[in-house]
Amino acid sequence: MSTEKIEVKEDKTIKELVGEMSLSSAPILLELDGEIFYPDENYDRKIQAGNRLTVIPIIAGG
Amino acid sequence: MDRYSRQVLVAGIGRSGQEKLLKSKVLIIGCGALGTVIANNLVRAGVGYMKVVDRDFVELDNLQRQMLFDEADVEKRMPKAIAAVDKLRKINSSVKIEAEVKDVTQKNIEELIKDVDIVLDATDNLEIRLLINDTCFKHNIPWIYGAAISSYGMTMNIIPKVTACFRCIISSLPAPGSVDTCDTIGVLNATTSIIASLQSNEALKMLLGDEDLNQELLVINLKDNSFYKIVVKKRDNCPLCGDGVLEFLDKKGPSEPIKLCGREMIQITPQRKMKVSLEHLKRKLERVGEASYLGYLLRFRVEQYELTIFPDGRAFVKGVSDKETARSLYAKYIGV
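Order-wise, the sequence lines are chains X and W. Positions 1 to 62 (my numbering) are the ones given, in order, by the first sequence. Positions 1 to 336 (my numbering) are the ones given, in order, by the second sequence.
Chain X extracted, bound-state conformation:
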């Protein structure tokens, strides 16, 4: 468990990306070029091949 850096292979939307990664129902934040955003508020946002995103899982253990 940690943040995960991914390089986007082809143009797609955020919704497609989180769906492919099986993260649709997981609590996460995304970071792209220093900007942090909530995936579900940005489902239609397009990301391009070559973009590097960081997935930040929000966790519950304690």
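Keep in mind the hints are simulated off the structure, nothing from the lab. Where hints are given, some of them may not hold.
Stated by the list, open to error - Below, computed lysine-lysine pairings styled on DSS-like, alpha-carbon distance capped at 27 Å:
| no. | chain 1 | residue 1 | chain 2 | residue 2 |
| --- | --- | --- | --- | --- |
| 1 | X | LYS15 | W | LYS229 |
| 2 | W | LYS205 | W | LYS25 |
| 3 | X | LYS12 | X | LYS46 |
| 4 | W | LYS205 | W | LYS87 |
| 5 | W | LYS233 | X | LYS12 |
| 6 | W | LYS233 | X | LYS46 |
| 7 | W | LYS229 | X | LYS46 |
With chain X fixed as given, assemble chain W onto it according to the hints.
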């Protein structure tokens, strides 16, 4: 004041700061790996009053990271809150400390937070944090989120109406089983100790009125020793920050565990409609117990317990007679 002399010397504290701490009141919800370290730090630092709430008993596999417990507590099956408070009183008898052995729910949380200056989150699931978030927002009390699993941890100060709230970060509860827990992927004691120390330090700063508070989500990973801060903005459509909707505090629903008649079995029903991937959950649970997926349900055996989990997130917990243990097992292994 002598016992705090080294702390009083720190720039920005002094005698007046220490006096503020001695008058302060804190609530710690959860007394496991995070809660024991937070309580230890704050009692030694000289907060005036502390309430520690936890629903669990001390078990052998807690001792690796839950710093206030020992083998005698395991043998006696001591409630964590009681065992912790016994130790804390020996550490600093001048602090007024209360233990509450209970499950924190929407029915009792407002009574628990009454009159405290801040709330420290040392819990183990997201649902309780959303409840703390609602309650603290309603009563305008700052709280400090903290969480840790494996070598990964995070903390954030949540100040009602100032910072983003927890509902901004998590707009809705994820499906049961979609979140890893310490009981499914483990946790290092260094991770919990560091996160808890950061939380207790931020608590002292809040109590002292320090303006240099952390307003970001602080994330650590001990695998590569990375520490970084993430600016979390308020969500545009946050039901709590935007409209003041206290969904988790005000909710009414079939969330209360139900004891099934004549059997050592308790049914847990999630608050919301959910769809659980039982195949995914099986892969996680088979690392820590015996899990079998039967197409329409998942059966999981660990220690003396058996959990039967359905695709809607409902579960039967067998081998327990009390609701708190059933809830605790559900949070540990299924998550949320």
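Do the hints match the structure? See the list:
1. LYS15/X to LYS229/W: holds (25 Å)
2. LYS205/W to LYS25/W: It holds: about 14 Å lies between the C-alpha atoms, which stays within 27 Å.
3. LYS12/X to LYS46/X: With Cα atoms ~6 Å apart, LYS12/X and LYS46/X stay inside 27 Å; holds.
4. LYS205/W to LYS87/W: OK: LYS205/W and LYS87/W at ~25 Å, within 27 Å.
5. LYS233/W to LYS12/X: With Cα atoms ~25 Å apart, LYS233/W and LYS12/X stay inside 27 Å; holds.
6. LYS233/W to LYS46/X: holds (21 Å)
7. LYS229/W to LYS46/X: holds (26 Å)
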